[in-house]
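The working numbering puts the first residue of the sequence shown at 1, with every later residue one more than the last.
Wrong hints could be hidden among the right ones.
To be verified - Using C-beta positions, here's what the derived DEER-type ranges look like: (1) W21 - L105: 32 to 38 Å; (2) K123 - F41: 24 to 30 Å; (3) I104 - T3: 44 to 50 Å; (4) R63 - W93: 38 to 44 Å; (5) F84 - R26: 30 to 36 Å; (6) I2 - T97: 43 to 49 Å; (7) Q96 - A14: 27 to 33 Å; (8) F98 - S66: 48 to 54 Å; (9) W70 - Q127: 17 to 23 Å.
Everything labelled a hint here was simulated from the structure, so no lab data went into it. A virtual CB, placed ideally from N, CA and C, is assigned to each residue, including glycine.
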Amino acid sequence: MITSAYVLVGLGGAIGSVLRWIISVRLDDSLGRLPLGNEGFAWPTLLINIVGCLAIGFIAGHRKHSLEVWHFWVVGVLGGFTTFSTFMLETSWQIQTFNWSFTILYVIATFGACYVATSYALKKSEQRSDR
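Model the full structure from these sequences, guided by the hints.
What follows is the structure in structure tokens.
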């Protein structure tokens, strides 16, 4: 059982990380922002975190799933997909450039939107689970 958990988390993490990278590069290309750096608003990271919060809310709200599903999707895929460490790095870069208005807007938008996304998904999935 423990070995399968490691495999599920590892595979899920690899998938989530690759998905995050692909989406980030595509959004950076389409929005005209470099994948790494401190210029501009970090839209890809914000959007990835919102999507990840929606997904984790839906999965957590469905209480009728197996531990394997939890290991693969929540710990693995979403752990690799969401980008809190990237969020903190980009926030630090903004602070270092004294770009306070973008920094404050980015932090508030990330926490606010991700809270709303997670809460919404939890409520919706709990309603479906009760049917």
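Checking each numbered hint in turn, tell me which of them this model violates, lowest number first. Of the numbered hints, 1, 5 do not hold.
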